[in-house]
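These protein sequence lines are chains B and P, in that order. Residues in the first sequence are numbered consecutively from 1, following the numbering used here. Residues in the second sequence are numbered consecutively from 1, following the numbering used here.
Certain hints may be false.
[What the hints assert, rightly or not] Simulated crosslink set (DSS-like; lysine-lysine; CA at most 30 Å straight-line):
(1) B/Lys125 to B/Lys356
(2) P/Lys191 to P/Lys297
(3) B/Lys126 to B/Lys191
(4) B/Lys126 to B/Lys102
(5) B/Lys356 to P/Lys356
(6) B/Lys297 to P/Lys356
(7) B/Lys102 to B/Lys125
(8) B/Lys126 to B/Lys30
(9) P/Lys126 to B/Lys297
(10) B/Lys356 to P/Lys297
(11) P/Lys102 to P/Lys297
(12) P/Lys126 to P/Lys191
Everything labelled a hint here was simulated from the structure, so no lab data went into it.
There are 2 protein chains.
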Amino acid sequence: MHIDELDTPALWADLDVVERNISRMGEYCKEHNLALRPHIKTHKIPELAWRQIGSGAVGIACAKVTEAAVMAAAGLDDILLAYPLWGEHKWRNLLALTERAKVSVATDSARHAHATAVALGEDRKKISYLVEIDAGGRRTGLALDDSLSGHVARIAESGVPVRGIMLYPGHVRQVEDMDISELNAQIGQAKSAFEKAGVTVEIISGGSTPTAFYSHRIGGLTEIRPGTYIFNDLNYHSLGACTLADCALRVRCRVVSTSVADTAILDGGSKTFSDAAGLAGPGFGMIEQYPDALCEKMNEEHGYVRTGGCEQRPATGELVDVIPNHVCTTVNMHRVLYLARGGEVEEILPIAAAGKIH
Amino acid sequence: MHIDELDTPALWADLDVVERNISRMGEYCKEHNLALRPHIKTHKIPELAWRQIGSGAVGIACAKVTEAAVMAAAGLDDILLAYPLWGEHKWRNLLALTERAKVSVATDSARHAHATAVALGEDRKKISYLVEIDAGGRRTGLALDDSLSGHVARIAESGVPVRGIMLYPGHVRQVEDMDISELNAQIGQAKSAFEKAGVTVEIISGGSTPTAFYSHRIGGLTEIRPGTYIFNDLNYHSLGACTLADCALRVRCRVVSTSVADTAILDGGSKTFSDAAGLAGPGFGMIEQYPDALCEKMNEEHGYVRTGGCEQRPATGELVDVIPNHVCTTVNMHRVLYLARGGEVEEILPIAAAGKIH
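Please model the complete structure; the sequences and the hints are all you need to start from.
Written as structure tokens, this is what we have:
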């Protein structure tokens, strides 16, 4: 089947590029003796997680316990829940997950660590904790100040084994601006605080796609958790984290109207692409066949493309391929990914963990 | 079951407010002899479409043929596809839909009208067209100029019966600024062009939630297609189209971290709320219990709430209710809606047409 035969909008990826992206990250981590733990939020597909394991990954990271359940059901058996789960439903699901996988959980407060431990009761030793520190993103994570060792000690008192440190340098977007000496100092400070609390640091888990290939310069990292690298996207391209040729994912859309002057309307809007803003400027992506067209804005089902700047313009009924701003949120809107080589569909993969909100 | 017992994030609506919103629109349309055809993209739930029918609605509007199929399977039998569907998959689904419902389709070009007619072949008379005109939104729709009657005549030559005019004044956001005389002039001009083309105008379909209660002042409208009114949201509140008390929908989230100063992190991000921007300013919504908190930004699973401006602040583990910016895109991220009165869940409705992208 050729991709021209797919109903639109259709999510597809170039299999050559996907394979290259997977193997490049695997090789980098082997070369630098880093454990690779891909975040599966990008693809949400067990089959692709297995290919990452095949490239040397030691396990996976998930955000949601229901995403983790999908992965565990497919045999993925080493899972970090990189998120401070809270609630009876979630703790029950977490316990069920330990029947199938080795499970670690991020925590960033004694309150969370103890609530989870109380909920798990005698089973609390079936999980372990990574303690998150705030590397500057002001999202989650303990502050790197004098209070840190006290917090870590109280977390350890929960009775859940603490295995190490988690950080997410997701605020480091422009890799050339990354202050590696500051990150190194932060990690050094965190390690001292953990030692002072009497907690052995076995794992220091960091990484994100834009910073991934700099990880060997960050002292002490034992593991990285990049997600986006498997597909890459326009936002990471705009940050210099990948080339356009590294962008594997496309949303194939149909032009359904050109009745308004200098405009082509696509049959994909925010329900197809998500509303993810473009880091490099306005718009929802780039049309491969019409790179001078401006993917200006969206409603739920309509993508507004302004074609005034194009020499050639698409006709009503024509198929186009859009490279999206943010692949993770785009993939989440779809239920099937087509993998193609030279335009021929080789595989049809259900996006089994898409749309999981719990 | 109390809403406190739901796994988070949970989508719920106040049933009293939903019922009031439904009946108010139904009564307005009866009073002014307007056909009400609610756009079901807001709720995507057949059961709620039936309650709109119960308030006097003549049928429904859908954007996607797969959404329409869900509705038709539940017995909704008068459906406007307010979208220029294009493609063999879609035309086959359209034909299947005519077995269960009276179906009309929006078109805005002879090219689209004829392609659809050719695809349907002898069955083309099983559907009818509304011809969309561009009322100023620069999205879809034919221009109101001298070419209009020619376009309409060529659309009519497709052999699909043309029943009237469709317009979407969705660009009219600030209702007090709405230039009704201009809309009236546009409709008059369109009617003349249709007459010149020899096409009888039986239906003039307009409306959107912000303009809905002004529809009786727009000359010639026979039908309106508001969607959001059933729930309302923060964006329409900021436009003056509803009060906060009219906003029925909430996303119940849990605070999972307060480790970063002046910050509460919710277990709902762009996968829960969609990324819909706030028309009134930054942020992704308003927390009912902490209206002074700033729902600043989101990642996929994290909602960043800055609490520096709050006298009381939420604790880790606490439940909060967020009124979202845009209900339509928020509902689309969920699969179940809880309807509650006084905090007690009375109904659990599957959002059967959520996530339909075709």
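Going through the hints against the structure:
1. B/Lys125 to B/Lys356: holds, 27 Å
2. P/Lys191 to P/Lys297: violated, 46 Å
3. B/Lys126 to B/Lys191: holds, 24 Å
4. B/Lys126 to B/Lys102: holds, 8 Å
5. B/Lys356 to P/Lys356: Satisfied, since the Cα-Cα distance of roughly 15 Å is no more than 30 Å.
6. B/Lys297 to P/Lys356: holds, 20 Å
7. B/Lys102 to B/Lys125: holds, 11 Å
8. B/Lys126 to B/Lys30: holds, 29 Å
9. P/Lys126 to B/Lys297: Since the Cα atoms of P/Lys126 and B/Lys297 sit roughly 34 Å apart, the hinted pair is violated (cutoff 30 Å).
10. B/Lys356 to P/Lys297: holds, 20 Å
11. P/Lys102 to P/Lys297: The given pair, whose Cα atoms are some 43 Å apart, is violated under the 30 Å limit.
12. P/Lys126 to P/Lys191: holds, 24 Å
In this structure, the earlier hints numbered 2, 9 and 11 are contradicted, and the remaining ones agree with it.
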